[in-house]
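S.K.: Following the hints, position chains B and C against chain A.
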Amino acid sequence: MAVVTAPPPSVPLMHRLKNPKVSITIFVIAWLPLMLYVMGGSSLGVLEPFILIPAIPAVILLYAICISTFRESTIALIGTTLVFFWFLIAVTAPYLPLIDPNKPIAPFVPPFTAKNDVFFILGTDFKGRDMLSRTLWGCQRVLVWGVSATFVAYIVGTAFGLIAGYISGWWDEIISFLGNVILSFPVMVLFIVILNYLGPSGFNIVIAVTFASAPAIMRIVRGLALDVKTRDYVFAAQTRGESALWIMVVELLPNVRGPIIVDACLRLGYTTVAITTLTFLGLGLQPPDPDWGLMIKESAKTAMLFKFSYMLLIPALSVSSLILGFNLMADGLREMSMRD
Amino acid sequence: MPEAATSSAATLEAVQPATGETPVLECRNLCISYFTRAGEIPAVVDFNMKLMPGEAQGIVGESGCGKSTVALAIMQYMGKNGRVVGGEILFEGRDMRTMSEEELRQIRGSKIAMVYQEPMASLNPAMTIGDQLAEVPIFHESVSKDEALSRARKMLESVRLPDPDRILSSYPHQISGGQQQRVVIAMALLSNPKLLLLDEPTTALDVTVEAGIVELIKDIAAEFGTSMIYISHNLGLILETCDRITVMYSGEAVEVGSIKDVFDAMRHPYTRGLFASIPVPGADKNSHPLVSIPGQLPLPHQRPPGCNFGPRCDFFVKDRCDVGAIPMTEIGNGDHHASRCVRVDEIDWDSTIGAGDESEPTVPGDVVLKVDGMTKHYEIEKGALFFSGEKHTVKANEKLNFDAREAETVAIVGESGCGKSTFAKVLMGLETATEGSVAIGNVDLAEMPVDQRGPETISNLQMVFQNPFDTLNPSHTVGGQIARVIRKFGAETDEKKVKARVMELLDIVKLPRDFAKRRPRQLSGGQKQRVGIARAFAGNPSVVIADEPVSALDVSVQAAVTELLMDIQRENRTTLLFISHDLSVVRYLADRIVVMYLGQIMEQGTTDEIFSPPYHPYTEALLSAVPIADTHVKKRKVLLTGEIPSPSNPPKGCPFSTRCPYMIAGTCDTIPPPIVEFSHGHRIACHLPRDELAAMEPVIQIEKEPAHVA
Amino acid sequence: MLKLIGRRLVQMVLIILVASLLLFVIFDTPQFKKRLAVQELGGFAVSALSEADYQEWLASRGLDVPFYQRYVDWMGNILTGDFGFSYEKNTEVGPLLASRLANTGILALCVFALMIPISLTLGVLSGMREGSPLDRSITFISVFTTSIPEIATAIILTVVLALGLGWLPAKSAMIQGFDVKQLILPVLTLVIYDFGYVARMTRASMAEVMTSQYIRTAVLKGIPYRRVVMKHALRNALIAPFTVIVLQLNWLLSGVVVVEVFFEYDGFGKLLLEAALFPDVEVVQACTLAAVVVAVTSQIISDVGYTFLNPRIRFS
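Chains as they are written, first to last, in the working numbering: chain A, 1 to 340; chain B, 1 to 710; chain C, 1 to 316.
Isolated chain A (complex conformation) (with noise of 0.2 Å):
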C-alpha cells in the first residue's frame, strides 16, 4: 500500500482558532463575565465596572470563528450575525454612551425627537425612561438566562437520554414514562404551574425551562443513542470490557453531538420566547431592570393607542430577530450537516 503522505499542511490562524478546545475557552472567556455580571449584579463590588471588558475581545474573535465556520451558508451567517449583534451589545452595553435606563426624563417622547436637551432616538416610554437605552439594556437578561437554562435542561437531558438509550431495559421505562408525564402538560401551562409554585425569578426560570425542555431533549438523544449503540465501535467497545459510563461519555456522546447542537439552536429560541412571553404575563423577570418582555407588559398597558405603537413594537421587534438568528442558526446548520 503505496500511500502519499501529503506534507503537514500549513497552519493558519483561523484554524488554530477553530480547534474545539480554544474556541470553548474563548466562549467561556466571552460568557463567565457576562453571567457574572448579570447574575451577580451589586454583588460583584468594585469588579462591577470592568468584568465585561476581557468580554468584548473574546465576542468578536468567536463571531470572526463562526463565520469562518459557516461561511459556506448564507442563512448560518445571516443567523449568527443578529445572535452576535445581540451578545455584542450585551457585553458592550455599561461601556456606551447610553442614558441611564431606569431614569425618567420625560414620559411620552415620539421617536427621534428631543424633549428637556436630550434627543431621543427611539422615544421614552410612559415612563419616561429612554426607548433606546432599554432596548440595549434588555438583551442582558434574556439572554444570559435563556442561554444559561437551555444549558442546564441539556446536560440533564443528554444524561437521561444516554442512560434510557443505552442502559435501556427499566432505566429506560421508568425515565421514558417521567418524560411523558412531563410531556403530556402543554409547555406553557408547566411553566405557570411551576413558576406559581416556586414564584418568579431568573433562577426560576432556569428550573422551570429544565424540567419543560430536558423531558423533550432526553427523547432526542434516546433516539440517536438507540440508533448509535447499535454500531460495530460500540459492540467493539463492550467486547473489550468497557464500562458503561465510558462507552456512553466517549463512544456515544461525541457522536450524537451534530444533531444536538442542532436541536440546541432551536432550542434558544424556544426558550428565548418562553422567558419573554413568561415575563409578559408577570410570571417571569421582574421590575425595574430592562427587558423585552417586561417593556412589552408595560406598555400593553398604557399604550395601546397607534402613536405610541412604538412602545410596543421595538421590543417585539428586538425578540424576533434575536429569535430569527437562533432558528437560522440551526437552519444553516442543519443544511451544512445534511451536505457533508
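Hints in this document: simulated from the structure, not taken from any laboratory. Treat the hints with caution; some may be incorrect.
As the list claims (entries may be wrong) - With a cut-off of at most 27 Å between alpha-carbon atoms, the simulated BS3-like pairs for lysine-lysine come out as follows: (1) B:K80 <-> C:K231; (2) A:K21 <-> B:K425; (3) A:K115 <-> A:K103; (4) B:K517 <-> B:K496; (5) B:K425 <-> B:K488; (6) A:K127 <-> C:K171; (7) B:K496 <-> A:K21.
What the hints assert, rightly or not - Here are the computed distance ranges between Cβ atoms for each label pair: (8) C:N77 <-> A:G45: 51 to 61 Å; (9) A:S168 <-> B:M52: 53 to 63 Å; (10) A:I24 <-> C:K3: 20 to 30 Å.
Bear in mind the structure is a predicted one, so any value in this text is a computation, not a measurement. Ideal Cβ positions, reconstructed from N, Cα and C, are used throughout, including at glycine.
M.R.: Frame of chain A; chains B and C shown alone:
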C-alpha cells in the same frame, strides 16, 4: 473528455459492422456528469454499448464505477444534478435524449422496465401489491382494473409465486425479500418490455434465494425474448446470465466482449487483476494465494491523467499510459472484443500474474476453543408491559458442538437467520448461553457475561467486524482507538511503549504510520478494515472471530484484506473463526467448515469434506447456489423452493425439511435429524440413509481442459 | 391493533394519574394551606388566629388528614364533576372551566380550520420539488413566521390592523356577546405562528418520500407524474404531518395563554393565568388537569392514527 469520445467513436464504428437488425438499445459515446457544489463530476465517460434483440449483456464493476448511472441514464432518470453531457442513447433507433416527458413516460415501464437492488424499498409500503401491479397495464394499455388485476395474477404465477391471490392483496412488508423481488420482476414484465434493466437484482438476498431469482431471470430471457442489461459486481452472476460483458472501471468501460473472450482471454490489466483477486475453486491460501490489485479506486474528481487504472497497473509505462485519452482498441481474434489499454498488443497475456507468496501449510495445534451443546434461546413476550401475552421462544442456537485448534481457521457458514451472529455474541460475552458450554482453555465462557470476565480472558478473544463504516468510532483518531485497546488490556502501560505498539500494529496491517493521527472518515473502507484488524490483534488474542470481514468491501480490496488477516493469523498462530455466507471465500481460506441453518449445525468437516460428497442436502444446495466466475467449472443444479423459515417459528423436525428436495414425509418434518459421522470429524445431521448420502454426485466439477480454446 | 390501543389507553390513564398526583402534591404545602385560609377567612383573621385555632380550622376543612387520603377524595370529586370552588371568581370551578374551555375550543377550531389546509398545501408544494425557488421561498417564510413569537405577532397585527388601519377591534373581550370580528386577530396570530412548523414537517416528509426508491419505481413504471404525486407520494408523505398536526393541540394550549391574555379573550388560558397570579389553587389544578387530559388524548389519537394510516404497522 470530448477527445476521448471522438477518437473511440471511429474505432467502434469499425468494430461493429451494421447488421440488418436494429439494436434494441445503443449507447454512443455516452458521457454522464453530476453537478455538485464542487463542480462537474464526470460519472461515466465515453460509454458504448450495442444491445441486439434477445441478447443479455452484463455490466460489471466495483462501487463507484458508474454502472448504475448507466442504467438510470438509459431510463432518463438522473435526479436533479445528474445530466447526460455527451453522446446518444438510441432506443430502437431513436435518441431518448430528444424525447418529450410524455414520450418517455410511455416507454418507461412498457418498453423498458427495470428491476432494482432493494426490492423492499422499491415497492410502495402503503399500497397493496395488486394495486401496484395493476397500474402498469392500466396506464400503458388502458385496460380495466379487473383485467389488469387478472393479468397481474397471471404474471405472479409465471414468476412462480405461490398463492398469487394472497400476494395481490398483501402489502410489501408482508412477504419475504425473495418474494418481493419476484413481484418487482413481475411488475417489470407485465407489459412485455423490449428491454429489461436489472440493477444488482439479487445483492440484497440470501444466496439460495438468489439462485432461484437468477434461474427465473434466465428462463424469462428464454421465454419472452427480452433483451437484458444485467448490472452486478459479481462476475459469477454475469457468467450465469449473460452473453456479453462490459467491464467498467472508474467511469469507463475498460473491456468489452463475449463472456468467453473476457473470461478466458482477458485483454485489460484491470480485468485480469479482478479475476486474480477473486477466489475461484483453483485458488488455495497456501499454494495459490489470491493476488490483490494494489492501491485503491480513485475518486471521480481525482482521476489520474491518461488511463484511470494506470497508478494501480503492473504494466504502467510513463509517458504512454498517463497521457491523453485512452481509446477502446479492437482485439482481432475475438467476437467484437475490445480493450481500453494502449499496451494491449505488447503485454504477454499468457504470463502468470505476479503470483502471491506461497507459504507452508500451518499445522494446527491443540484444541483452543471447545463448544459443547451450546444452546441459546430468547424468550419473546408478545405485548410487553401491560398485556402479558403468550411467551414465544426463538431458538437462535440449538446444541452447537464443534471445536477449533490453535492456528486453525474454522469457517461458520450460513444464510440470514442461521444463528451465526448470536453465536458470536455468546462467545464475546454480550449474551449468555441457555445451556451447554463454550470453553477457551479451561475457562467456560457460556454463562460468563463480558463484565465478569477478567482482562486476560477478554484480550484472549477479540473480534473483527463486518461493516467498515461502523467498525471505528468516527469521533476519535485511529491511533487513539488502537491505543485504548492496548491500555485497556494492559499489554503496555508506559505511554511511550503504547505509542510504539500502535505504530508497530499499523506497520503490521501495512498502513502508513501517520494514519494514527487521522480520523476514520479520512480512510477508505479497506483501510478502516485494516485498522479493525489491528485493533483486534492489539492484545495478542488466541482466538479471533471475524464476522464477514470483507463482504462489504470491493472485490479488488477484499483479496488484500483477506491475505492480511491470514498472514497475521499465521504469524501469531491465532485461531480464526471466520463467519461468512460466501462459500467461495470460505473454500479458499478455511481449514474446517461448520454449515449452519436456522440455529443448528447441518454439517461440519474439513474443507475438502464439505466440498465433496457426501453432502448434507442443504450444503449441496448451497454449493450449487454460489455463482462461480470460472468458465471451466460445471455445476450440478440443485434449486430450492420456498423461503428460509423464521427462527421464531422453526419447523418441528429437521429445520431444513420445509425446503429439502429429499424430504421424507413423516420423518424429517417431525423428528430432529440424527448425526451421522462419516470420517473423523465429518458429521452430517440428516435422516437420509448413509448409503444415499454417500452416493451423492459432486456439485462442482472443474474441467481439466478448458471447454474452448481461445 | 386493538391490543395497541388498549395499551395506549392504560398508559394514558397512568400518565394522567401521575400528573394529577404531582399537581396535587406540589400545591399541598403549608404555605398554600395558609393562603387558602387567607382566602376563606381574610388575611387579618388568619394572622390573629392562634396555632390551635388554625389547626382546628385545618381539621374543619379536612386538611389535616394525610395527603394521599385527600388526593383520593379530590380525584373522586373530580370524577363526579366537582372541581372545587374559585374564591377569586366566587363560583364553582366546574361550570367556569367548561365555559372557558368552550371558548378556547372555538378559537382552536378556527385555527385548525385555517392552519391545516395552508400548511399542508405549502408543505407538499415545497417538498415536491426540493430546492426549487418556490421551495426556498416557502421555507424562508415559514422560518420567519415561526421565529416571531406569538406576543410579537399579536403586537404587529394589532398595531397594523387594529390601531393603524382600524379594520378590526384590538381587544377580544366579547363584552357585548359573541363577535366573529373579535376572533380574527387571535386566530390569525396563532395561525401565523403555528403553520410554519407543520408546513416544514410536511415538506420534510414529502421531500423524503419524493427521493425514495418506490417513487423512482413509480416514475419508471411510466405512470403519469400527477398520479405519482397524488397516489404514491401523498399517501406516504401525509402520515407524519398527521401526527404532527394532532400534537399541535398541545402546542396550541401553550399558545392560547399569551394570545388570550393579550387580546383579553375569555378562554382557558386567561383563566389559568389569572388563577395562577391570584393564586386560586383549585382553578390552577382544574385547568392544568384539563390541559393534561386534552394533551394526552391528542397524543393517543396521534399514535393510533399513525398505526392506522401506516399499513406497515397495521398489519404486523
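S.K.: Please go over all the hints and tell whether each is borne out by the structure.
M.R.: Status of each hint after checking the structure:
1. For the proposed pair K80 (chain B) and K231 (chain C), the alpha carbon gap of about 22 Å is at most 27 Å, so the pair holds.
2. Proposed proximity of K21 (chain A) and K425 (chain B) is contradicted: the alpha carbons are some 38 Å apart, above 27 Å.
3. As the CA atoms of K115 (chain A) and K103 (chain A) are separated by approximately 14 Å, the hinted pair is consistent with the 27 Å bound.
4. About 16 Å separates the Cα atoms of K517 (chain B) and K496 (chain B), which keeps this hinted pair within 27 Å; it holds.
5. For the proposed pair K425 (chain B) and K488 (chain B), the alpha carbon gap of about 20 Å is at most 27 Å, so the pair holds.
6. Restraint check: the Cα-Cα separation between K127 (chain A) and K171 (chain C) comes to about 24 Å, which is no more than 27 Å; the hinted pair holds.
7. Note on K496 (chain B) and K21 (chain A): the hinted pairing holds, with a Cα-Cα distance of about 24 Å set against a maximum of 27 Å.
8. Between N77 (chain C) and G45 (chain A) the Cβ separation comes to about 55 Å, which falls inside the hinted range of 51 to 61 Å.
9. Checked against the given bound of 53 to 63 Å, the beta carbons of S168 (chain A) and M52 (chain B), roughly 59 Å apart, stay inside it.
10. In this structure, I24 (chain A) and K3 (chain C) break the distance hint of 20 to 30 Å, their C-beta atoms being roughly 50 Å apart.
In summary, the structure is inconsistent with hints 2 and 10 from the numbered list given earlier, while agreeing with the others.
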